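Asker: Sequence:
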Amino acid sequence: MTAERKALHQAYHDYHYGFPIHDDNELFARLVLEINQAGLSWETILKKEAGFRKAYDNFDVQKIAAYTDADRARLMADAGIIRNRLKINAAIENARTIQKLQQEYGSFEKWLERHHPKTKAEWVKLFKKTFRFTGGEIVNEFLMSIGYLPGAHSAECRVYPKVLEAKPLWDN
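First residue of the sequence shown? That's 24 in my numbering, and the numbers climb one at a time after it.
Hints were generated in silico from the structure; no laboratory data involved. All figures in this text were calculated on a predicted structure; none of them were measured in a lab. Incorrect hints may appear among the rest.
What the hints assert, rightly or not - Quick list of in silico lysine-lysine cross-link-like pairs, BS3-like style, CA-CA up to 30 Å:
1) Lys71 - Lys86
2) Lys71 - Lys110
3) Lys151 - Lys133
4) Lys152 - Lys141
5) Lys86 - Lys185
6) Lys29 - Lys151
7) Lys133 - Lys77
8) Lys70 - Lys143
9) Lys77 - Lys141
10) Lys86 - Lys29
11) Lys123 - Lys77
Unchecked claim - Label pairs and their computed distance ranges (CB to CB):
12) Ala96 - Glu188: 24 to 32 Å
13) Pro43 - Glu72: 17 to 25 Å
14) Leu149 - Leu63: 23 to 31 Å
15) Lys70 - Glu179: 40 to 48 Å
16) Arg106 - Glu179: 19 to 27 Å
Built from N, CA and C at the ideal position, the CB exists for glycine as well.
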């Protein structure tokens, strides 16, 4: 692995993967990135993250929920992201779903907390019922990456104690 590739993966591993996220836009960002990773490598997504942030208004749920067909066309033409119609439509529809969850529960995070704890299978069933383009692997990685399910780091990993300090919900 080149030094550049190693740095890309290490930054995500050391500072993001498995750490709780308390901002709805960032939770949405992680969900969109996990959806876009389906069928691709995580490295591809990490390399395109800045492009995603730019194309999707820094993952502002309110802005994306208001996207029009013109925005869909703009995203389909943007080489800085994954240009997959199903994934783009899922991002927009999921932003609209999160808006509804925010109205009902106060935030996307509070909706997640309300349903915690669940097994992976229970989470997958809930996500499939609630969101678009959310299969088992996407839901598992999303929830591990935000601290709702264990497994992002092993107990022997040097980052593990830092994750525990951040109080992931799986450790409650």
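Asker: Which of the stated hints cannot be reconciled with the structure, identified by number in ascending sequence?
Answerer: 5, 6, 9, 10, 12, 15, 16
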